[in-house]
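Novice: Chains as they are written, first to last, in numbering that gives the first Met the number 0: chain A, 0 to 484; chain B, 0 to 687.
Since the hints were derived computationally from the structure, they do not count as laboratory data.
All residues carry an ideal CB built from backbone N, CA and C; glycine is no exception.
Honestly, I wouldn't trust all of these hints.
[Claimed, not checked] Cut-off 25 angstroms, straight-line C-alpha distance, at most; resulting in silico cross-link-like pairs (BS3-like, lysine-lysine):
#1 Lys105(B) <-> Lys251(A)
#2 Lys444(A) <-> Lys372(B)
#3 Lys251(A) <-> Lys225(A)
#4 Lys233(A) <-> Lys626(B)
#5 Lys626(B) <-> Lys580(B)
#6 Lys469(A) <-> Lys444(A)
#7 Lys154(B) <-> Lys126(B)
#8 Lys98(B) <-> Lys541(B)
#9 Lys68(A) <-> Lys81(A)
#10 Lys206(B) <-> Lys185(A)
#11 Lys98(B) <-> Lys469(A)
#12 Lys388(A) <-> Lys87(A)
#13 Lys206(B) <-> Lys154(B)
#14 Lys50(B) <-> Lys126(B)
#15 Lys68(A) <-> Lys444(A)
[As the list claims (entries may be wrong)] A few chain A residues that face chain B, going by a derived Cβ cut-off under 8 angstroms, partial list only:
#16 Arg238
#17 Tyr242
#18 Asp304
[As the list claims (entries may be wrong)] Which bits of chain B does chain A cover? Going by a derived footprint, with three or more residues having C-beta under 8 angstroms, they are:
#19 134 to 144
#20 186 to 200
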Amino acid sequence: MHIPKAPQLSRRTILRGLGATLSLPFFEAMMPTAYGAVSRAAARQAGPPLRFALFSCGAGTVHESWKPKNTGALTELPSILKAMEPYKDDMLLLSGLSHSNKGSHGVRHKGHLTGVLGLVENKPLKETNPNASSFDQAIAQAIGDQTFLASLEMGNLPAKATHHYRNGDEQPLEPDPRRIFERMFKDREPRIPEWGAASSSAGAAAGLPVDSVERSVLDLVMQDTKRLQAKLGKTDRDRLDQYLTSVRSIEKQIAFLEREVAMRKPDRAPSTALDYMAPHVPEMIANGTYDYDQLQKEDAYREVDIYGQYLDLLGDLMILALQTDTTRVVGLNHEGINEWTGVVTVGFERHYHSLQHTGNGRQSDEIAREGCRQVHEWFTRRFAHLVGKMKAIDEGGTSLLDNTLLMYTSYMAHGGHSGEDFPVALLGNAQGTLRPGRHVAYQEKTPHSNLMLEIMNRFGLETDEFGESKTSPNAAYNGRLPDLV
Amino acid sequence: MSYPASQIGTADSRLLPVAMACLAALPLFSGSRAFAEPVPDYNEIQPLVEKYCYECHGGNKTEAALDLTKSKDFASVLNDRKQWVLALDAIDFGEMPPKKAAQPSKAERAQLVDWLSQHVLNFDAEKFKSPGPGMVRRLTIAEYRNTMRDLMGLKSDVVAEAGIQPEDPGEHFDTQANHLSVSPLLMEKYLAAADAMLARIVPTSGKEALLDREASARLFFTRPVEGQNPAVAANQIIHRFAAWAFRRPLEEEELARFMQIFQLAQSKNYSFEESIRAPLRAVLIHPNFLYRIEQDRNVPPGQSYPVTDFELAARLSYFLWSSMPDAELFALADRGELRQPGVLMQQVDRMIRDPKAERFIRNFGGQWLGFRKLDAALPEQRYFPDFTPEIRDAMAQETASFLMHLLRSNGSIYEILDADYTFLNRQLAEYYYPPDDYAEPPIEMPAGDEFQKVSLKAEADRRGGILGHGSFHALTSFPDRTSPSERGKWVLGHILGTPPPPPPPNASFFDEDEVQQKQPKNFREKLAMHASEPACAGCHAKMDPIGFALDNFDPVGRWREEVSGEAIDTFGKLPSGETFKGVDGFKALLMNNREEFARNLVDQLLRYALGRELAGYDEFAARKAVKELQENGNGFASAIKAVVNSYPFQHRINSQGVGTSPVANTNSSLTQPAVQAVQLEPSNNPQQ
Numbered sequence: 000m001h002i003p004k005a006p007q008l009s010r011r012t013i014l015r016g017l018g019a020t021l022s023l024p025f026f027e028a029m030m031p032t033a034y035g036a037v038s039r040a041a042a043r044q045a046g047p048p049l050r051f052a053l054f055s056c057g058a059g060t061v062h063e064s065w066k067p068k069n070t071g072a073l074t075e076l077p078s079i080l081k082a083m084e085p086y087k088d089d090m091l092l093l094s095g096l097s098h099s100n101k102g103s104h105g106v107r108h109k110g111h112l113t114g115v116l117g118l119v120e121n122k123p124l125k126e127t128n129p130n131a132s133s134f135d136q137a138i139a140q141a142i143g144d145q146t147f148l149a150s151l152e153m154g155n156l157p158a159k160a161t162h163h164y165r166n167g168d169e170q171p172l173e174p175d176p177r178r179i180f181e182r183m184f185k186d187r188e189p190r191i192p193e194w195g196a197a198s199s200s201a202g203a204a205a206g207l208p209v210d211s212v213e214r215s216v217l218d219l220v221m222q223d224t225k226r227l228q229a230k231l232g233k234t235d236r237d238r239l240d241q242y243l244t245s246v247r248s249i250e251k252q253i254a255f256l257e258r259e260v261a262m263r264k265p266d267r268a269p270s271t272a273l274d275y276m277a278p279h280v281p282e283m284i285a286n287g288t289y290d291y292d293q294l295q296k297e298d299a300y301r302e303v304d305i306y307g308q309y310l311d312l313l314g315d316l317m318i319l320a321l322q323t324d325t326t327r328v329v330g331l332n333h334e335g336i337n338e339w340t341g342v343v344t345v346g347f348e349r350h351y352h353s354l355q356h357t358g359n360g361r362q363s364d365e366i367a368r369e370g371c372r373q374v375h376e377w378f379t380r381r382f383a384h385l386v387g388k389m390k391a392i393d394e395g396g397t398s399l400l401d402n403t404l405l406m407y408t409s410y411m412a413h414g415g416h417s418g419e420d421f422p423v424a425l426l427g428n429a430q431g432t433l434r435p436g437r438h439v440a441y442q443e444k445t446p447h448s449n450l451m452l453e454i455m456n457r458f459g460l461e462t463d464e465f466g467e468s469k470t471s472p473n474a475a476y477n478g479r480l481p482d483l484v
Numbered sequence: 000m001s002y003p004a005s006q007i008g009t010a011d012s013r014l015l016p017v018a019m020a021c022l023a024a025l026p027l028f029s030g031s032r033a034f035a036e037p038v039p040d041y042n043e044i045q046p047l048v049e050k051y052c053y054e055c056h057g058g059n060k061t062e063a064a065l066d067l068t069k070s071k072d073f074a075s076v077l078n079d080r081k082q083w084v085l086a087l088d089a090i091d092f093g094e095m096p097p098k099k100a101a102q103p104s105k106a107e108r109a110q111l112v113d114w115l116s117q118h119v120l121n122f123d124a125e126k127f128k129s130p131g132p133g134m135v136r137r138l139t140i141a142e143y144r145n146t147m148r149d150l151m152g153l154k155s156d157v158v159a160e161a162g163i164q165p166e167d168p169g170e171h172f173d174t175q176a177n178h179l180s181v182s183p184l185l186m187e188k189y190l191a192a193a194d195a196m197l198a199r200i201v202p203t204s205g206k207e208a209l210l211d212r213e214a215s216a217r218l219f220f221t222r223p224v225e226g227q228n229p230a231v232a233a234n235q236i237i238h239r240f241a242a243w244a245f246r247r248p249l250e251e252e253e254l255a256r257f258m259q260i261f262q263l264a265q266s267k268n269y270s271f272e273e274s275i276r277a278p279l280r281a282v283l284i285h286p287n288f289l290y291r292i293e294q295d296r297n298v299p300p301g302q303s304y305p306v307t308d309f310e311l312a313a314r315l316s317y318f319l320w321s322s323m324p325d326a327e328l329f330a331l332a333d334r335g336e337l338r339q340p341g342v343l344m345q346q347v348d349r350m351i352r353d354p355k356a357e358r359f360i361r362n363f364g365g366q367w368l369g370f371r372k373l374d375a376a377l378p379e380q381r382y383f384p385d386f387t388p389e390i391r392d393a394m395a396q397e398t399a400s401f402l403m404h405l406l407r408s409n410g411s412i413y414e415i416l417d418a419d420y421t422f423l424n425r426q427l428a429e430y431y432y433p434p435d436d437y438a439e440p441p442i443e444m445p446a447g448d449e450f451q452k453v454s455l456k457a458e459a460d461r462r463g464g465i466l467g468h469g470s471f472h473a474l475t476s477f478p479d480r481t482s483p484s485e486r487g488k489w490v491l492g493h494i495l496g497t498p499p500p501p502p503p504p505n506a507s508f509f510d511e512d513e514v515q516q517k518q519p520k521n522f523r524e525k526l527a528m529h530a531s532e533p534a535c536a537g538c539h540a541k542m543d544p545i546g547f548a549l550d551n552f553d554p555v556g557r558w559r560e561e562v563s564g565e566a567i568d569t570f571g572k573l574p575s576g577e578t579f580k581g582v583d584g585f586k587a588l589l590m591n592n593r594e595e596f597a598r599n600l601v602d603q604l605l606r607y608a609l610g611r612e613l614a615g616y617d618e619f620a621a622r623k624a625v626k627e628l629q630e631n632g633n634g635f636a637s638a639i640k641a642v643v644n645s646y647p648f649q650h651r652i653n654s655q656g657v658g659t660s661p662v663a664n665t666n667s668s669l670t671q672p673a674v675q676a677v678q679l680e681p682s683n684n685p686q687q
């Protein structure tokens with residue numbers, strides 16, 4: 000199998016002159032975040048780390064075909080979840096989770112991972128909620144320093160929408176599989192770390208040399224920016240803060256690369272006979288035959304098989320990212336395609352948006368409803384493939400699924416943009432912090448923010464409030480969720 | 000001192016920014032100057048607003064996305080003037096508060112109406128004018144792509160190579176500053192694009208094949224001389240590149256910092272070219288390049304002043320070319336001649352004639368009239384086999400060519416509403432008028448692939464003006480059918496500047512009983528039922544009649560007399576009582592309201608050029624521009640000149656003085672006001 004070689008690029012060339020092992024001063028420090036400190040001890044444990052992965056689809060679900068009638072142990076799965084039958088024991092189904100935001104129907108879902116209220120059509124989230132982060136980004140901010148990329152957001156939502164926010168700033172999605180791969184491996188090789196070996200973050204030597212030319216470029220622009228900011232009003236300062244944050248993330252990547260390169264010096268003996276393993280790179284990426292632009296041009300995006308292939312490819316890239324520890328926070332965002340011919344076999348309507356609106360809500364057309372159900376079943380089948388692959392990857396005694404908190408959800412509860420009772424399925428046991436194989440039903444309108452808080456806690460963020468967990472008019476369970484484990 | 004566009008400065012030239020020379024000419028604001036009348040006191044009506052309006056329009060509940068608690072004083076009221084004018088109408092006509100809510104007494108209602116009429120509707124626009132806050136504004140991706148090309152005259156599109164995708168801004172222009180953000184993902188791509196550009200202009204080992212010799216020659220206009228310190232040549236090269244990139248002269252310290260990187264690289268034995276490359280990389284990811292940043296002055300907060308010539312040149316070039324100024328504009332700015340009598344307008348004329356004006360048509364016209372995203376329009380080829388991607392492109396080209404013609408001939412803007420010609424090529428003409436259906440073509444059929452002006456003759460009633468363009472029809476339809484509501488909404492928003500607010504939160508649902516009682520006879524009735532919910536009817540009553548009048552155009556721009564065997568009923572009646580029939584009838588109505596259209600066009604141009612929404616303090620400038628346009632034959636180019644001559648286009652106030660995002664109401668809905676209003680000061684600028 001062909002593994003693409005990392006090309007000779009300027010970073011490596013520049014590093015030719017550097018001898019000593021490099022380290023990162025910030026690696027050694029506690030990292031305060033807006034949501035509480037992350038315990039250093041948690042970050043240093045031996046064995047594979049805990050990851051977070053999100054698989055988010057459009058248009059909600061069809062509740063009677065998603066939610067089991069009984070709570071407790073999962074026995075009979077409703078039709079949309081049938082594909083998950085082999086993974087019943089790994090699945091924790093949660094119901095009742097809702098969001099109270101009553102913003103106009105087009106925007107209610109914009110902040111669904113942030114739990115914030117007060118969103119307004121045509122206004123960026125930063126204007127109404129300048130400090131809001133989506134919970135995945137809060138996690139990424141806390142643990143992202145330990146990986147090459149703090150997080151990875153991918154998918155192809157229309158209108159370039161994103162649900163990921165960091166301090167009110169949009170984190171856009173990368174839709175093109177080839178570029179996703181390049182982001183991860185332009186200057187590095189895809190390798191699977193040796194989990195269970197002595198901690199690999201042993202590079203605690205001297206600080207980075209200050210005369211690196213590449214560094215000086217970044218230093219200049221950052222210092223000039225600070226000089227500019229000193230003269231500007233608040234809004235403009237904030238805009239340039241976004242810029243600074245973005246440049247700093249580049250700086251971290253370079254530092255990380257330099258460290259990885261130093262770690263792989265030829266004279267350093269590997270700790271076991273097995274050196275770094277090579278993971279599976281999807282064929283079409285490895286041999287460069289996947290052409291995303293072509294997908295757009297020929298309207299192929301309206302073809303279900305081609306879209307399915309795209310979705311699977313993104314899933315593979317997600318697995319690659321997690322396996323190689325390129326990042327520990329991934330978001331896959333799938334809106335769906337415009338026309339579901341081949342999936343929807345009833346009635347005559349195939350257009351997704353029309354189906355959603357006529358097939359959902361109190362007054363819905365039965366045939367359209369069945370069409371929606373077929374679409375959601377299709378999504379779940381794709382998701383089941385992904386779960387199966389993750390379950391089959393051995394990370395030294397535990398599977399990748401065991402070591403990931405994988406969440407299947409949608410940014411709507413149903414196709415009418417509802418915010419009540421989102422479909423939520425958590426896969427894997429999140430390293431023992433979840434007890435799957437059950438359906439847990441929370442009381443009506445329990446804030447979805449409670450779940451996001453619980454997940455954040457499992458990644459070491461010591462905070463007791465998130466989104467509307469305490470401020471929702473429907474606040475419940477003291478802002479938490481009992482019975483998850 | 001000379002800006003390094005024409006002359007090469009020496010290593011010890013003083014690099015005073017031109018802006019400082021301008022400062023001496025401005026009088027300082029004298030704080031003791033008093034208003035003729037005091038600033039109106041919003042507290043005179045605030046208690047009434049709280050009592051009768053806050054329940055639905057304040058804080059927790061915000062019907063129609065209107066939050067009146069954001070208005071706290073006259074300044075913030077003025078910030079949201081448009082929404083308050085609508086509120087005035089609603090209160091005056093008894094629409095608000097709604098019948099079932101508590102009603103103000105006659106005296107109270109009169110008090111509200113009087114205050115709002117006097118101080119908001121009929122306010123002294125000139126007294127309360129402001130150019131709005133200067134804002135740091137990231138280049139849009141379209142502007143960035145053009146700038147990266149124009150900077151060194153590259154042949155390749157390095158921005159596309161780096162995978163940078165244009166924004167998809169939705170209902171507002173992509174130039175709007177508060178929607179332009181940067182993320183780590185985008186920064187990675189900026190670096191990739193910078194590296195791709197540098198590979199074209201700096202010989203790099205391993206990438207020699209990429210070198211664009213012409214562009215490289217522009218960069219290396221000088222070389223180190225034998226025996227001379229290479230820093231001398233480096234200084235000149237970097238200075239010129241950075242000044243062009245930053246669109247202004249550099250300060251000495253700025254250049255010195257870039258030279259430090261050069262020296263660092265030299266000390267590491269990098270070649271001359273590699274040593275140049277590093278500081279250029281810093282320039283290409285620098286905020287002064289990626290953002291448009293204008294200089295504050297040492298004046299009191301809120302006091303306006305003219306922008307520098309360099310800043311004006313950049314405002315002009317990004318407005319008309321979506322890119323950086325060219326050598327001629329830089330030279331005029333450098334000599335301080337840009338504002339001399341006649342010069343500025345001469346430049347506008349030149350820029351309109353330049354091929355780069357295509358970008359204005361595409362970016363302004365294409366967003367305003369929507370044809371920039373025609374490839375995402377919903378109608379499916381599955382249902383309309385003739386509606387191929389080539390036809391989509393052709394339709395976009397029809398509207399683009401039409402606008403370009405108006406621009407370059409300074410044709411009347413009202414031809415956008417109604418014209419007796421359009422622009423077609425053979426393919427599109429035969430699409431609209433298939434030879435099989437038309438034994439004798441009803442219009443002048445063009446010969447080839449080129450788009451040309453085509454007389455519509457008798458078809459002018461139908462196809463003349465934007466309402467007859469296929470681009471409009473496709474943009475306002477669903478995959479398999481027209482959407483009268485979408486068409487009506489489009490006309491209200493894009494043509495008249497009065498878009499309906501977004502649908503209410505429960506827009507999907509309607510009463511089961513109602514549905515079961517009546518069986519709709521046709522699509523029109525079905526839609527009417529659909530829109531009979533009280534929460535929906537108000538807006539649909541304004542939108543749907545327009546759409547039905549235009550329903551002879553199918554989803555993909557062809558004329559039809561019937562749908563599903565039934566003749567189309569194109570009669571429409573608006574809530575105002577006005578009636579019309581068919582597209583020609585509706586066009587006549589539009590022409591009777593042409594003032595609204597002219598004002599809307601000016602508003603759109605201002606929003607696009609200024610990169611923000613408009614507020615009460617822009618009212619003066621907008622009205623003035625409309626007058627100027629009307630006094631100059633209503634020409635499209637005249638409209639643009641009026642905007643270039645306008646107060647906010649040529650002035651700014653300090654970023655520091657007022658702080659935050661300037662405006663409240665967007666053009667698209669009654670939305671929440673900004674966090675802080677612009678601080679109001681009387682204008683004492685002698686130049687305006």
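Novice: It remains to establish, for every hint, whether it holds in the given structure.
Specialist: Taking the hints in turn, this is what the structure says about them:
no.: 1; hint: Lys105(B) <-> Lys251(A); result: violated (66 angstroms)
no.: 2; hint: Lys444(A) <-> Lys372(B); result: violated (39 angstroms)
no.: 3; hint: Lys251(A) <-> Lys225(A); result: holds (18 angstroms)
no.: 4; hint: Lys233(A) <-> Lys626(B); result: violated (36 angstroms)
no.: 5; hint: Lys626(B) <-> Lys580(B); result: violated (31 angstroms)
no.: 6; hint: Lys469(A) <-> Lys444(A); result: holds (13 angstroms)
no.: 7; hint: Lys154(B) <-> Lys126(B); result: violated (50 angstroms)
no.: 8; hint: Lys98(B) <-> Lys541(B); result: holds (21 angstroms)
no.: 9; hint: Lys68(A) <-> Lys81(A); result: holds (14 angstroms)
no.: 10; hint: Lys206(B) <-> Lys185(A); result: holds (17 angstroms)
no.: 11; hint: Lys98(B) <-> Lys469(A); result: violated (36 angstroms)
no.: 12; hint: Lys388(A) <-> Lys87(A); result: holds (15 angstroms)
no.: 13; hint: Lys206(B) <-> Lys154(B); result: holds (16 angstroms)
no.: 14; hint: Lys50(B) <-> Lys126(B); result: violated (31 angstroms)
no.: 15; hint: Lys68(A) <-> Lys444(A); result: holds (18 angstroms)
no.: 16; hint: Arg238; result: holds (5 angstroms)
no.: 17; hint: Tyr242; result: holds (5 angstroms)
no.: 18; hint: Asp304; result: violated (16 angstroms)
no.: 19; hint: 134 to 144; result: holds (count 3)
no.: 20; hint: 186 to 200; result: holds (count 4)
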